[in-house]
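Since the structure of chain A is provided, determine the placement of chain B on it from the hints.
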Amino acid sequence: MLTSIKTNHFEGNKSKELGMMYFRVAMILFGAQLLFGLVAAFQFIFPGFLFEVLDFSVARMVHINALVVWMLYAMIGSVYFLMPDETGVETVNIGLGKLAFWVLTAAVTVVVLVFILVQVGPGTESSIWLINEGREYLEAPRWADIGIVVVVLTFYWNVFATFMKAKVKTGVMQVLVADLMALAGLYLAGMFFTDNISMDQYWWWWVIHLWVEATWEVFVGALAAYALIKIIGAKREIVEMWLWIEVLMLFGSGILGLGHHYFWIGTPEYWWEIGALFSALEPVPLVAMFVHVLYDWGKEQGAAHARGETGSIMKNGPAMSWIVLNAFGNFLGAGIWGFFHTLPQVNIYTHGTQFTAAHGHLAFFGAYATILVGMMYMGIQNAYGIKIMKATFKSKMGVFLIAFGVMGMTIALTIAGYEQVLIERAELGAGWNAFFTAQNMPWYVQAQLWRAIMGVVTFVGFIYLVWDMLTIGKAQAGQTEN
Amino acid sequence: MANKNVSVWSSISFWRRSAAWVTGFAAILLVWLTFDSVGQISMGTDADLQKAVAEKKETRRVPAPTVINYKIGYAMDAKRGHEVPTIGEKELFFGKEWSEKDAAALLHLGKLTSQAKNCMDCHTLLGNGAYYAPDLTKAWLDPNWEKFMYFGQKTKEEGIAYFLQHPAKSGVHTRKMPNLGITAEEAKGLVAFLKHMSSIDTNGFPRNFSKTVNQFKTGGSNAH
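As given, the protein sequences belong to chains A and B, one line each in that order.
In terms of our numbering, the first sequence has 264 at position 264, counting the first letter as 1, and numbering is strictly consecutive.
In terms of our numbering, the second sequence has 1092 at position 92, counting the first letter as 1, and numbering is strictly consecutive.
Heads up, none of these hints are tricks.
One side of the interface only, derived from the structure: several residues of chain B facing chain A at Cβ under 10 Å: (1) T1034; (2) R1061; (3) R1080; (4) N1203.
Derived Cβ-Cβ restraints for the label pairs, each shown as a range: (5) B/W1021 / A/A306: 33 to 41 Å; (6) A/A306 / B/F1035: 56 to 64 Å; (7) A/L96 / B/T1045: 45 to 53 Å; (8) A/L99 / B/Q1050: 54 to 62 Å; (9) B/G1073 / A/L99: 52 to 60 Å; (10) B/A1027 / A/L96: 26 to 34 Å; (11) A/L99 / B/E1058: 51 to 59 Å; (12) A/Y270 / B/K1090: 30 to 38 Å; (13) B/E1058 / A/V149: 35 to 43 Å; (14) A/I336 / B/D1048: 41 to 49 Å; (15) B/V1006 / A/I116: 52 to 60 Å; (16) B/G1081 / A/K299: 46 to 54 Å; (17) B/P1167 / A/W450: 28 to 36 Å.
These aren't lab readings, by the way, just hints derived from the structure by calculation.
Keep in mind the model is a prediction, meaning the values are calculated, not measured.
Beta carbons: idealized from backbone N, C-alpha and C, even for Gly.
So here's chain A without its partners, still in its complex pose (with noise of 0.2 Å):
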């Protein structure tokens, strides 16, 4: 795979090139995620399976860290490729780009052995150092957290160097450098040790909530941007104008909106109005983001129609639909599914079951993966000078059974999540009790059997996609020649 993408249609650009090799190592990462996702999955339903070889905490660990890295791989990928068209000039430090990437790479390599080989340590100090830190997502220990600040660090001055360089700032770079900064800052908020419970938590959702609710939608709305103006020729004013109006909502609901995450971990009793409050306008934002792409399509297609030609204005036919999903699944995963259990008076009931993973699905699919996959789809037409690139067979049997896939798995954790609810908190009150009564009811384990079940068609789906990336742009790059 790590040569099958050809780069000599780069026209000489290395920060494109540069963009492909993060893109690559966030695909292998993506599947690693599918695939420790499914034997976490099959272990809902088969106990035994791999009991005390790879234990769910295991498998679960890896699901969920192969989630952030990957995205964070493809993040950057993002930025290194549409910083050129962006600034008009070369990425600075291209050498010092490179590094980092190789870096970055093995040190990840290295974390994620040790998840799966040592897995846990004693209780002791050099155990966070070096094994697992044990707080979910950000296990990663302590010597790959400072790499990962360092990596991040040298991949920040890049961009920003890059910035200054340019003679236009354009509205999106604006938007990505003041995000970034923000971004790669809120790490260092989880990177201490406490013995308080409630303020490791206090401080662990800082990097958690304003990354995934803030920071990173913001930056989803810049690369929107970005695609749209590439894509469909969407007017650069029209598309920052709205990106703005996006900042401004995103942030202005996101930031307070962490309150959400402060009803019950020790934190004082007016978190439950702050919270509630702001969160609950965190999906004004994500329905503006849909209503702006569908309505630049509609707006771009038309003004084509009007001018005498014909057909689709898209220059990009896969990366449109994973956009375009992506407008569609960040309103209802982050949008729709978090509002379900963010009031407190709900959240008292849902928080810690199986509503929680549904909204997570969804919501990191539907906001992050889709956009992310969207891009890599624009890498490789530039990758292989693909004037008009069109969705085959391949790609749509991709975007549809993953969106299938993940769709049928959330809908089964609502149900699942539902029935904790009602039979584990509302009638028999939480414990230990009720837990195993909720999950051995019929309806909570059919739940699980559907999850696992949409777990191996959104696997299909992954195949698929990976098949398409490999061939689509090798197939139509012959054919734009002619």
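Below, chain B without anything else, positioned relative to chain A:
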């Protein structure tokens, strides 16, 4: 948008300035609230705890590690409208009363072990984590420890420590906890960590936990 006749609503610089102001304002509010919250959730001292117990008042939201020397409950508070942790009379923990220094060291070992053994990728703590195994927020108070007769040990803390060291042997479901190589000392630390966590004021989460307790008392049904 050089054209001055264009409405302010379609002006990029207007939206950019608004975005900066709104973001800045939200961030400042968050930082201000964080100062207050961090103050409220800082761990109390043994002196705070003794004073609160003597005056029969609520302790700090996160009490001192020496809370392991007291009987902890979780009872309905009529004024607040939900259950809150209660701190009762003194009780021995692993057969002794722990000094401030020793209790802090034990909690430190327990918290470190909870991370090194990656509890959070099966269980939830304060409701956060994975959903494969029961929530641990009030695990110390769970009536099932009594139901299992503390796995043949004399006290609840020894029973939980035994379970943590021999989880698969003691499990009664097909979904079992794996053996994580927890030592006797680490197990003690983990029990202290669980007992301390059960004393944190979580604004009534998990709700209706006493239903579980009552159900146990009435012999496994919800009959009132």
